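In order, the protein sequences belong to chains A and B.
Just so you know, we're using our numbering here: the first sequence kicks off at 1 and counts up by one.
Just so you know, we're using our numbering here: the second sequence kicks off at 1 and counts up by one.
Source of the hints: derived by calculation from the structure; they are not laboratory data.
Since the structure is predicted, the reported quantities are computational estimates derived from the model, not experimental observations.
It cannot be assumed that every hint is accurate.
For each label pair, taking beta carbons as the anchor points, the in silico distance ranges come out as [to be verified]:
no. : chain 1 : residue 1 : chain 2 : residue 2 : range
1   : B       : 41        : A       : 15        : 23 to 29 Å
2   : A       : 61        : B       : 79        : 40 to 46 Å
3   : A       : 24        : B       : 95        : 40 to 46 Å
4   : A       : 44        : B       : 29        : 41 to 47 Å
5   : A       : 8         : B       : 96        : 24 to 30 Å
6   : A       : 82        : B       : 109       : 41 to 47 Å
7   : B       : 10        : A       : 67        : 35 to 41 Å
8   : A       : 26        : B       : 110       : 24 to 30 Å
From the three backbone atoms N, C-alpha and C, an ideal C-beta is built for every residue, glycine too.
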Amino acid sequence: SAVISQKPSRDICQRGTSLTIQCQVDSQVTMMFWYRQQPGQSLTLIATANQGSEATYESGFVIDKFPISRPNLTFSTLTVSNMSPEDSSIYLCSVEVGGNQPQHFGDGTRLSIL
Amino acid sequence: DQQVKQNSPSLSVQEGRISILNCDYTNSMFDYFLWYKKYPAEGPTFLISISSIKDKNEDGRFTVFLNKSAKHLSLHIVPSQPGDSAVYFCAARMGFQFYFGTGTSLTVIP
Chain A
1 SAVISQKPSR
11 DICQRGTSLT
21 IQCQVDSQVT
31 MMFWYRQQPG
41 QSLTLIATAN
51 QGSEATYESG
61 FVIDKFPISR
71 PNLTFSTLTV
81 SNMSPEDSSI
91 YLCSVEVGGN
101 QPQHFGDGTR
111 LSIL
Chain B
1 DQQVKQNSPS
11 LSVQEGRISI
21 LNCDYTNSMF
31 DYFLWYKKYP
41 AEGPTFLISI
51 SSIKDKNEDG
61 RFTVFLNKSA
71 KHLSLHIVPS
81 QPGDSAVYFC
91 AARMGFQFYF
101 GTGTSLTVIP
């Protein structure tokens, strides 16, 4: 498995501002994922971040709103830009450590926008 | 379109009895199924998985059953313990992408 540290654990932000969430893994991994969990909903994949290439975004998510960096094999960031109350969610990063292996998750960032 | 569904948002069970959590899916291309457990303020923690070529996988008190013809997955916990109280998510994989259900909140009553 992998140990994943995610920062911040929670934040309260003003409308129109941006927040960058960091995800650090204790081992090198090829694939990192960013999810959103809105209240009462399932985990929804935002994008897949592979080191050395542009992130791949799922339908409904765009790079201008959720820019992602993946500078090396142990670190990634997700920025939530120009936030509105609809962005209030838990944001989670996860990693896949190998084929036929489960994804492992960080503890998430609980984001509230006023 | 929700490809993985957990139709029971909550479940209460007496300590020592069996907990059965259910999950239905729509896509026959899923090849790997998982259950995660989530405590408040923590990320989901992997619990148990099953490949699509099997119909049962057991790990201690946890057993996952897969019925491919019915596109149905279930998690059995026996005996249930108060520490099992959490939200349980089922997930299914296609390619590298995982699809999650909406979760079932299990309460084990001492």
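Comparing the hints with the structure gives:
1. B/41 with A/15: 23 to 29 Å: Given a distance of about 25 Å, which is inside 23 to 29 Å, the answer is holds.
2. A/61 with B/79: 40 to 46 Å: holds (42 Å)
3. A/24 with B/95: 40 to 46 Å: violated (26 Å)
4. A/44 with B/29: 41 to 47 Å: violated (19 Å)
5. A/8 with B/96: 24 to 30 Å: holds (28 Å)
6. A/82 with B/109: 41 to 47 Å: holds (45 Å)
7. B/10 with A/67: 35 to 41 Å: Between residue 10 of chain B and residue 67 of chain A, where Cβ atoms are some 37 Å apart, the hint holds.
8. A/26 with B/110: 24 to 30 Å: violated (36 Å)
Hint check: violations occur at hints 3, 4 and 8; the rest are consistent with the structure.
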